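All chains should be modelled from the sequences, with the hints used to inform the complete structure.
Residues 10 to 386 in this note's numbering are what the sequence shown lists, from first letter to last.
Please note that a few of the clues may not be correct.
Computed Cβ-Cβ distance ranges for the label pairs, DEER-style [unchecked claim]: (1) G372 - T114: 41 to 49 angstroms; (2) E369 - A17: 25 to 33 angstroms; (3) G307 - A268: 22 to 30 angstroms; (4) G230 - Q370: 24 to 32 angstroms; (5) G112 - A14: 13 to 21 angstroms; (6) E194 - M10: 40 to 48 angstroms; (7) G139 - G54: 40 to 48 angstroms; (8) L218 - T114: 58 to 66 angstroms; (9) I286 - R187: 25 to 33 angstroms; (10) G139 - A268: 55 to 63 angstroms; (11) E344 - G372: 25 to 33 angstroms; (12) L228 - G307: 19 to 27 angstroms; (13) G66 - E272: 14 to 22 angstroms.
Hints are computed from structural coordinates only; laboratory data are not their basis. Owing to the predicted nature of the structure, the values given are computational and were not obtained by experimental measurement. By construction, the Cβ of each residue, glycine as well, lies at the ideal position given by its N, Cα and C atoms.
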Amino acid sequence: MTAGADPAADARFMALAFALGRRGLGTAWPNPAVGAVVVRNDGSGPVIVGRGWTQPGGRPHAEVEALRRAGERARGATLYVTLEPCAHHGRTPPCADAIIVAGITRVVSSIVDPNPLVAGQGHARLRAAGVAVDIGQGAAEACRAHAGHIRRVQAGRPHVQLKLAVSTDGKIGLPGRRPVAITGEAAGRRVHLMRAQADAIMIGIGTALSDDPELTCRLPGMSARSPVRVVLDTHLRLPPTSRLVATAQQIPLWVITGAAASEAASNILRGAGVEVIRMPTENAIDLHDALRALAQRGITRLMVEGGATLAAALVRADLIDEAAIFHGTRPIGPESVDALEGLPLAALAQAGVLAVRAVEQVGHDRVETLFRRTPSA
Numbered sequence: 010m011t012a013g014a015d016p017a018a019d020a021r022f023m024a025l026a027f028a029l030g031r032r033g034l035g036t037a038w039p040n041p042a043v044g045a046v047v048v049r050n051d052g053s054g055p056v057i058v059g060r061g062w063t064q065p066g067g068r069p070h071a072e073v074e075a076l077r078r079a080g081e082r083a084r085g086a087t088l089y090v091t092l093e094p095c096a097h098h099g100r101t102p103p104c105a106d107a108i109i110v111a112g113i114t115r116v117v118s119s120i121v122d123p124n125p126l127v128a129g130q131g132h133a134r135l136r137a138a139g140v141a142v143d144i145g146q147g148a149a150e151a152c153r154a155h156a157g158h159i160r161r162v163q164a165g166r167p168h169v170q171l172k173l174a175v176s177t178d179g180k181i182g183l184p185g186r187r188p189v190a191i192t193g194e195a196a197g198r199r200v201h202l203m204r205a206q207a208d209a210i211m212i213g214i215g216t217a218l219s220d221d222p223e224l225t226c227r228l229p230g231m232s233a234r235s236p237v238r239v240v241l242d243t244h245l246r247l248p249p250t251s252r253l254v255a256t257a258q259q260i261p262l263w264v265i266t267g268a269a270a271s272e273a274a275s276n277i278l279r280g281a282g283v284e285v286i287r288m289p290t291e292n293a294i295d296l297h298d299a300l301r302a303l304a305q306r307g308i309t310r311l312m313v314e315g316g317a318t319l320a321a322a323l324v325r326a327d328l329i330d331e332a333a334i335f336h337g338t339r340p341i342g343p344e345s346v347d348a349l350e351g352l353p354l355a356a357l358a359q360a361g362v363l364a365v366r367a368v369e370q371v372g373h374d375r376v377e378t379l380f381r382r383t384p385s386a
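Structural data, given as structure tokens:
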């Protein structure tokens, strides 16, 4: 740590940077949702002179936004940033260069960016220009905050978050795969916030047919934060009359299908504004291939909301990185649909891959959050 640094102040300002970065979740892809804070101390104590977060579509970057707001007050100041500043020319010049030009004298960075185009070069460029660089403040939080970016860079797929609403008897739907309300209004609002923070939300064709969902964010004033909707549909059975297709012109809808799916059905969906993504298989879609296809299109954070067959397949393939289990307060019957088809709900944690990170009360319901312990492709 740089001589004279204040660990408590560093922790406080980095916490603010993480809070700012969360504003970009769901809109910053294909880039990570980074937060940045410029802090100046002229002798009377630290003062925040600039704040920034990654803007929609990934540009401008958080550092550039914070420096723009700080203006000349950035000279001699400290920059707190949740991910290493970039050092390569993409659609915009390197953030490391902008930091140097702005006159920042110290950078506090949470983690090294695993992107091979950066990978320590941003920090090195800053140090070479005489900027003091401290790395590691809030590193654990940064790994969670940027899990989608890290997973996409290192494994070529998005970070996968499974959401399940489960009754007290471990069920998620009525017999015949009919939908049922399991949790209350407060839990529903939490789910819509999760949708707003995801790049995309995925379901299987079974859920699309039984529930006819829209998969939008319906919090007041946040409809524009609705994620890309993704349906796994090997044989293109999604009806053109479904609510998903009806809203495809307003909110992106991607359907992942097999090589043998009807070209006529594909043309109808495309005519309605749906992007049809064909996989090189005539049978069940390989989940690894599907996730790679999403990553190639820029998706970093994928929320999975249904149903039991897809959830179980992801568990078996070891493709779940995070799970949010919403536990309701009543049973719905022994003949109802199990949360994970062919697997006990405990299978999520039994393999030792996911560990419980938090348990909280949301309204009358309980939410259990699990997070991956170790990296996986």
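Now the hints, each set against the structure:
1. Distance hint check for G372 and T114: the Cβ-Cβ separation is about 48 angstroms, which falls inside the suggested range of 41 to 49 angstroms.
2. A hinted range of 25 to 33 angstroms holds for the C-beta pair E369 and A17, which are about 27 angstroms apart.
3. For G307 and A268, the Cβ-Cβ distance of about 24 angstroms falls inside the hinted range of 22 to 30 angstroms, so the restraint holds.
4. A hinted range of 24 to 32 angstroms holds for the C-beta pair G230 and Q370, which are about 26 angstroms apart.
5. Between G112 and A14 the beta carbon distance is about 19 angstroms. The supplied range of 13 to 21 angstroms therefore holds.
6. For E194 and M10, the Cβ-Cβ distance of about 46 angstroms falls inside the hinted range of 40 to 48 angstroms, so the restraint holds.
7. With their beta carbons about 25 angstroms apart, G139 and G54 fall outside the hinted range of 40 to 48 angstroms.
8. The hinted range of 58 to 66 angstroms is satisfied by L218 and T114, whose Cβ atoms lie roughly 60 angstroms apart.
9. For the pair I286 and R187, the beta carbons lie near 29 angstroms from each other, so the given range of 25 to 33 angstroms is met.
10. Between G139 and A268 the CB atoms are about 57 angstroms apart, so this pair conforms to the stated range of 55 to 63 angstroms.
11. E344 and G372 have their C-beta atoms about 27 angstroms apart, which keeps the hinted 25 to 33 angstroms range intact.
12. In this structure, L228 and G307 meet the distance hint of 19 to 27 angstroms, their C-beta atoms being roughly 24 angstroms apart.
13. Between G66 and E272 the C-beta distance comes to about 32 angstroms, which lies outside the given range of 14 to 22 angstroms.
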